[in-house]
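J.: So the sequence lines, in the order shown, correspond to chains A and B.
Residue numbering for the first sequence follows our numbering, beginning at 1 and increasing consecutively.
Residue numbering for the second sequence follows our numbering, beginning at 1 and increasing consecutively.
A few of these clues could be false.
Said to hold, decoys possible - Which residues of chain A face chain B? A partial, calculated answer using Cβ under 8 angstroms:
#1 Leu-344
#2 Leu-348
#3 Pro-423
#4 Arg-425
#5 Ile-431
#6 Ala-435
#7 Arg-436
#8 Arg-450
#9 Ser-531
#10 Leu-534
#11 Ala-535
#12 Pro-542
#13 Pro-617
#14 Ala-618
#15 Leu-622
#16 Gln-623
As the list claims (entries may be wrong) - Computed beta-carbon distance windows for the label pairs:
#17 A:Arg-453 - B:Thr-197: 19 to 29 angstroms
#18 B:Gly-81 - A:Gly-570: 47 to 57 angstroms
#19 A:Pro-452 - B:Val-26: 40 to 50 angstroms
#20 B:Asp-104 - A:Val-406: 19 to 29 angstroms
#21 B:Ile-227 - A:Gly-13: 51 to 61 angstroms
#22 A:Arg-436 - B:Asp-104: 14 to 24 angstroms
#23 B:Ser-182 - A:Pro-452: 35 to 45 angstroms
#24 A:Arg-453 - B:Gln-229: 47 to 57 angstroms
#25 B:Gly-24 - A:Pro-617: 11 to 21 angstroms
#26 B:Leu-25 - A:Leu-360: 50 to 60 angstroms
#27 A:Arg-453 - B:Ser-182: 36 to 46 angstroms
#28 A:Arg-453 - B:Phe-145: 19 to 29 angstroms
It is worth saying that the hints were derived from the structure and are not from the lab.
Everything numeric in this text was worked out from a predicted model, so none of it was measured.
Every residue gets a Cβ at the ideal spot worked out from N, C-alpha and C, and that includes glycine.
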Amino acid sequence: MGRVLLSRTVLVGRLAGRDLRYRPAQAAALLLVIAAATATLTLGLALHGVTSQPYQRTRAATNGPDVVAYLPVMHRPGHGSSPPAQAAAALTQAAGVTGHSGPYPLVGAVLRARGAAAPAQAEGRSQAPAPVDQPKLTAGRWVRPGGVVIERTFAGALGVGVGDRITLNGRPFTVAGIAVTAASPPYPNLCYTSGGGCHASPPDQGQHSVATSIGLIWITAPEAGRLATAADPVTSYVLNLKLSDPARAGAFARRYDAATPGRHPFGPVSVTAWPGIAAADGLLVQDEQSVLSPGAWLACLLAVASVAVLAGGRMAERTRRVGLLKAVGSTPGLVAAVLLAENLILALAAAAAGLLAGWLAAPLITNPGAGLVGSPGAPSLTLPAAGLVVAVALAVALAATFVPAVRAARTSTVSALADAARPPRRRARLIALSARLPVPLLLGLRLTARRPRRAVLTAASVAITATGVVAVLTFHATAGQKAFGGSGGLANPVYDRDEQMLAVLTIVLVTLAVLNVIVTAWATVLDARHSAALARALGATPQQVSAGVSAAQVLPALPGALLGIPLGIGLFAAASGAGTRVLAIPPAWWLAAAVLGTLAAVAGLAAIPARIGGRRPAAAILQSELA
Amino acid sequence: MSEAGGIAVVGARALRKEYGRDAGLVRAVDGVDLDVAAGETLAVMGPSGCGKSTLLHLLGGLDRPTSGELWLAGQRIDQLGERALARLRREAVGFVFQAFHLMDELTAAENVELPALLAGVPPRKARRRATGLLEQVGLADRAGFLPSALSGGQRQRVAVARALANEPLVVLADEPTGNLDSEATLDVLRLFDSLHTAGQTLVIVTHDARIAATADRLISMRDGAFIDQTLLTGGSAGNLGSLAGLEG
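For reference, chain B alone in the conformation it holds in the complex:
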C-alpha cells in the first residue's frame, strides 16, 4: 500500500545503488523506501547529484540496484533478466528524458510509434495510435516533421506521446522541463496535468517547483536518501495549480 492509500504500482524497499569501492565508493541511492499508488503523481526534488535520476532509472529497470527490492505492478523486478526487464519497459513503463532523446532521422509519428513496433503491434495499428497520441498532445499537424523542425517544447511533447505509446502503468519523467524555455515549460506542465487528471501514474524528477506543484506528493532527496515528504493534494490543489500558472 502507498502512503496515499491506493494500491502501489511502483515500490522499493531498502533500495541501494553504489558505484566504485573503498575510498571511491559513491552511494547514488542509499536505502530508499518508496510506494507510488495507481493514478498518483509523485515529484522527486533535490540538488544536482543527489541521485534523483539514478532512482528513476532503477524504478524503470534501466539500471540494476546494488541491493534492495524493486516492485512494479506487484512483481519483483530487481532480479529479472534483461529480456524480462525489456518486456517490462515495453509494456509497463514509459520514459520521458530531459534531452528528449528522439531519433533524429524519424518523424514525430515514427518516433511515437517506435515502442509499439518494438512490442510487436501491427504497423497500421501502431501508426493509428501514434496519430491519436500526437493529437492528444496537440501536435497532430506536426506528425510528419523531423525533430530538427520542432521546437524544444514540441519535441518534449512528442517524447511524452512516445512514452504513452504502449499504455504504460507508470510514466517516469527525468527533468522533463530541464531543457525548455518558460513557454515550453508551461506547455509541458499542462500536458502532465492533463495526464494526472486522466489517472496516469507519474513519477517526475525535477528541479522545477512548478512541476512539483502539480504533484500529489513531493519527496525531497539528498545524498541518495529521502529527507522529506510532503502531501500536496487534499485542499491545496487549486491554489498550487494557480501558483504553477496552470489557470485557464
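Just chain A, with the same shape it has in the complex:
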C-alpha cells in the first residue's frame, strides 16, 4: 500500500513537473498572478503592530505618562481661570501615583504660518524640564518667551521649521523647536483621546466649536494665559501621571473618568490611559490597513478570476493527455491529482515569492509616522501570517482549478483521446440580435455567447478592478472636501499615506487586470480560431475579426465597469468607517472617464492577442481541422 502510494506520488510529481516545464509561459503567468495577490496580502499583514515599538521608545524618551487627565476650568471673577485644586490634588495623591506634571493650561488658537491657517491647541509649559512628559526635541530648543515648540507631525503638515515665524491668535511667535510626545496622539489625531480638551475656533469663523485635525504646540505658561481670549479661553488643564504599575493604567483611568457610570466627585474629568494613546498613535497605520486589507482581498479575487481562465485554458490543452492517462490505467482521481498538483505547486512557489516581495516592500510603508521616534524595526511577519498567505495562495489555485480538474477526470477516455473541443453554448436570442449589428459586434457578441462562463469571469475581473479605481476616486473626492474637519489647506499625513497605499493597490489591481484581459482574450482567440478562420474565408476582414475578439471582451466588461461604481463607493465607505469621514461621491465625469477608460483599455489589450492569432492564414487553420 505504501509502495503504491509512493509510486503514485512520484508519478504525479513527475507528470506535473514535466508539464510545467513544457509550458513555461503559462506557468509564469499563473505564478505572477498569485504572487501579486499574496504580496499585497503580505503587505497588509505586515502593518499589524507596526507602531507599538516606536510608541514605547517615545514613552521611554519622554518619560511619557501612564495616565493623562483633562481637568475642567474653574473661572473666578478677577482671578482668571484655574484648574480645580481638589480634583488635581486627589488625582496626584491617589493610590498608585508615583509622579506627575501639570496641570498645564490648554488654550485653543488659530495658528497662521506660510499663508495657511490651522486650529491648534496650545499647552502652557514651564521652561524647566517636567518630571513626567517632557517632549523630546527633534530640532531646536524648548519653549521660551516668544518661542514655541510644535509637535513634529503638525510641523511637517504646516511646512514650518525652527526659526520660522508664526502667529497664534494674531500674536507673533518664533518656532523655537520641534518635538514628539507620548502623552497625546500626533496630528491630525490629537482629539482622538483628549475628550473635552479639543476645542478651537475655525480659522474663518469666530465661533467656538468642536474641531478635528488640531495640532499641538507648546508655549510658556504665561504666554498661554495671555493667548486666551473671550473667543478662545482656556479650555481645560492637562495633568500627566506616572503610576507604580503601568499595567493598571486602564483601571485607574476608568475609576476616575467622567464617562464611567457612577459618582464622580471631581466633576467632568476626562482620563485616558497610555494604551489608549498608543492605539490612537496607530490610527495612521490603521488607516493604511483599512485601505490595504480590502485591497488585498480584491487582488485575491482578481487572482482567482485570472487563475480560473489560465487553468481552464491549460485544462483544455490537456484533454488528450487525460485520455492517454486513462487509457493506460489511471483512475479519475489520479488524473485530477495530476492536474491539481501542477497548480498547487505553482501556488506554493507564488506564495513564497509573494511573501518575499511583500516582506521586502513592507519597510516602504511601515513608517509609523513623524509623531513617534524610531522605526518599527523589521516588519513583523509572524508564522500565522505567513501560514495565512500560503493558505490563501493554495485556496486561490484550488478554487480556480477544482472544477476543470474534476471535469477533466470525468471525461470519457474515448472523447478525451479524440481531443474534441468543448462544444460552444448556443444563445438563440443573442445570435438573432447580433444579426442586426455591424460585423465586429456581430462576431463579438457571438464569441461572447459561446462561452458564458468566460464572459462572467471577464465581467467579474473588470468589476473588481473598477471597484478599486472608483474607491480611489472616492478617496480623492472626499479628501478634496473643504470642511473645517478636513485638512484646511495643510498637508494631511493620513491622506498622504492613504494616497500612497491606494497608488500601490491601484498598480497591483491594474496589473492583474491587464494580465487577465490578455489571458482571457488569448483564450478566446484559441477557442475561436476555427470560427475566426471561417469568418475570414466567408469574407470578414482580419480587422473585423480582430475587432470582434476585442468586442467579445468589451461586451462583458461594460456591466463589470458599471457595477464597479456602486461597489467602489461602498467599499470606500466601509473601509473608511461610517461616520468617521464625510463621504463625497466623485463627480460624474470622473466616473464616466473611469468607465470609458476601462473599456478602452480592455479593447486595446484584447487587440494584441487578436492580431497575433490572426496572423496564421485562414486556410492553414481550416486545413488543420481536417488533420
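Knowing the structure of chain A, use the given hints to seat chain B on it.
T.: For chain B alone, coordinates are given in the frame of chain A:
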C-alpha cells in the same frame, strides 16, 4: 479566354506556392496556368498532397502565392491587400469545404445567412435569401436544425447553400464528398449538377471520379503541376452522367 472558349472568370499564370527553403523547400503549386470560363465546371484530380487544395485556396484568395499571377473577374488579385481579398471572398467567391466547416452553435439558416450578414445585407433580406437557398438544396424543413442534428450529406448541402449566399461568380469546392457516404455523395452530386445546369461556375477538387464526371473539363495534377487535361463535354455528357449515377 479559356480553353472552353468563354470569357475567363478565374485565371492563373505561372502560379507558384512554396513552403520552407533550402533542403526543406516544398513546391505545393509549381507553375500552374489556368483559365476557367463563366458557367464552366472544372474538376481537378490528383493524389493526396499533389497541391489541389492549395491551388483552390490560392484561387479563392485564402492564401497568397509565392509568385505568379491570379485573376478573378478580370481583376488581378495576387497583390491585393487583406481587406480587398476579404471583399472578394464576400462578393465573388463561395467556398465548400470537405469538413463542411459549419458553426456548431448556429442553425442551418443562420449558417447560410452568415456571408450575407458579413457583406452588410439587411438581416431580413439575408434570412429570406437563406430560406430560399435551403429550399433550393432541398432542406427547407431543416432550416432551424443545428448541424449536430443533420446528416453529413445534409450538412454539406447547407454548406453549398452558404457558398451561394452572396451569388458568387465562382464556387470553389474542396473535396465536397470526401467525408460522405455513397448516398450522401449522390445527393451532393445532384446538387452540383443542378448548379452546373443553372450556369454557376464551379471549380471542384476531388478524388471522386463521379464528381469529376459531371465536369466540363478535368485537369489532373501531380507534384503541384498540371499533367493532363481532358474535355468532358461535347458528346459525352449523357453517358458520363449515367456513369455517375445521375439518371433520374
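J.: Could you check the structure against the hints above and give me the numbers of any it violates, in ascending order?
T.: 1, 2 and 17
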